[in-house]
Amino acid sequence: MAVEDGEGPLAGGPFHRLHRLQDGYDRRQADFGPDGCEVEALHQERAVEVEDDQFQRHGACNNGGRRVPRQLARPPKLAIPLPEAIIGLNCASPQCVGKRREARLSKTLGELAQLVGGRLEGDAARSVTGVASLGEAGPQDVAFVAAARFKADAAACRAACLVVPQDWPAGLATASPWPAGGGAGAILRVADPSRAMVAIAAALCPALPLPPPGVHPRAAVAASAVLGAGVHVGACAVVGEGVRIGEGTRIRAGAVVADEATVGDGCDIHCGAVIRERVRIGSRVVIHAGSVIGADGFGYLPGRAGPEKIPQLGTVEICDDAELGACVTVDRARFGVTRIGPKVKIDNLVQIAHNVEVGEATIIVAQVAVAGSTRIGRGCVIAGQAAIDGHLVIGDGARIAAKAGVTKDVPPGADVSGYPAVPHREDLKHQAALRQMEEVLARLKAVESRLEELEEKGDA
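With this note's numbering, letter number 13 in the sequence shown gets 13, and the count goes up by one each step, no holes.
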């Protein structure tokens with residue numbers, strides 16, 4: 001890109017300089033097109049020309065010194081999206097909102113039935129363009145229902161097609177009108193509606209575009225850092241000394257990869273995430289916005305002058321194919337490693353303390369806290385707001401209910417709930433007894449009153 005002003009063109013200037021060029025220009029936006037972004041010229045006697053090949057190669061703007069036409073009213077559509085710093089992708093105007101996601105595909109119901117291996121009852125030639133929930137679906141959408149207990153909601157749904165279990169009641173479709181008149185929508189019977197909807201959504205709704213390879217001119221990358229082929233480093237991201245980043249990894253805007261850290265191939269480190277010194281991240285790991293990996297563990301010794309910090313000398317290892325939600329914190333070990341195993345999925349706002357080990361394919365739901373040196377086995381499920389004490393062992397396949405307080409080891413395959421956590425069936429008995437407590441107390445009070453009456457009569 002080049003911008004010509006009274007003092008001559010800024011040939012070769014990176015697009016982050018645009019914030020200096022606001023005076024004398026009117027920034028306006030046009031609709032986004034399916035092949036990229038169409039933007040009205042930055043104008044008031046001046047114009048801007050973007051060369052997409054230069055942006056893709058260098059992440060910077062350069063027109064080779066050529067003059068920009070003064071009468072350019074609207075540049076041509078671009079084959080790639082413009083940087084957010086230029087066009088303001090977060091624009092809230094009616095012209096912009098949602099336009100980026102409108103590039104949906106159209107599929108017939110017959111094609112979708114073939115895709116998921118289901119049995120269609122309805123017009124196979126009917127076209128649909130989107131997916132939605134039961135309450136929000138329209139006549140161009142596909143919705144799904146997991147069980148027959150939702151049949152009232154399904155009957156009122158206006159989707160073109162409803163994805164249902166194999167045992168869905170015959171004749172119970174949706175209220176969606178067909179284009180040629182009345183009639184119900186189609187139903188698509190499958191073995192697993194939720195899994196089928198994943199495939200249908202992927203077929204109808206393209207994924208958001210990935211950022212292009214290259215280092216943004218506003219990123220800070222140390223000279224000793226090693227970046228693999230196809231790496232993206234976004235605006236204001238920081239890559240420290242001695243860092244190694246694998247092929248195709250995306251370090252998005254504002255993320256930090258500190259000194260001597262390692263990030264594998266195909267990872268996605270989202271905006272504002274922090275990977276601290278010497279942390280090791282495997283391949284195909286996703287870390288969402290605001291998460292901090294490798295902060296000091298919480299360790300202090302009591303002292304006369306107040307708590308004395310215990311140095312946290314270890315590190316954190318996140319294994320292949322793990323995914324961590326937003327604002328997850330995984331503390332570095334005092335010695336050794338805090339380890340998150342392969343294929344572990346962690347929801348938002350989870351705290352993993354120092355020296356914890358989480359086994360393969362375990363799922364941890366939001367707001368869970370795991371205290372230091374606890375070992376969690378493979379394939380466990382830990383529900384929301386559960387708390388696990390330190391130095392415990394959670395066996396393979398164990399399931400911990402929401403808000404449980406785990407204070408003892410949990411055997412493999414066990415289901416526990418309550419505080420303190422006990423086997424789930426035992427906890428259900430405790431809850432049932434508590435619900436009867438008011439009635440029991442009332443009956444006890446009545447018995448005591450009757451005894452007092454009998455004692456008074458005996459004394460008389």
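Keep in mind that the hints are not guaranteed to be accurate.
Below, simulated SDA-like cross-link-like pairs (lysine to any residue); rule was C-alpha separation at most 20 Å, straight line [as the list claims (entries may be wrong)]:
| id | residue 1 | residue 2 |
| --- | --- | --- |
| 1 | K345 | V198 |
| 2 | K345 | K309 |
| 3 | K107 | A202 |
No lab work stands behind these hints: they were computed from the structure.
This structure is a prediction, so every number in the text was calculated from the model and none was measured.
**Report entry** 20 Å Cα cutoff - pair K345, K309
**Finding:** Violated, because 31 Å separates the two Cα atoms, which is more than 20 Å.
Query raised in the report: Are the Cα positions of K345 and V198 separated by 20 Å at most?
Result: 18 Å, holds
Query raised in the report: Do the alpha carbons of K107 and A202 lie within 20 Å of each other, as the hint requires?
Result: Given pair K107, A202 holds - Cα atoms ~11 Å apart, limit 20 Å.
The structure fails hint 2 only (numbered hints given earlier).
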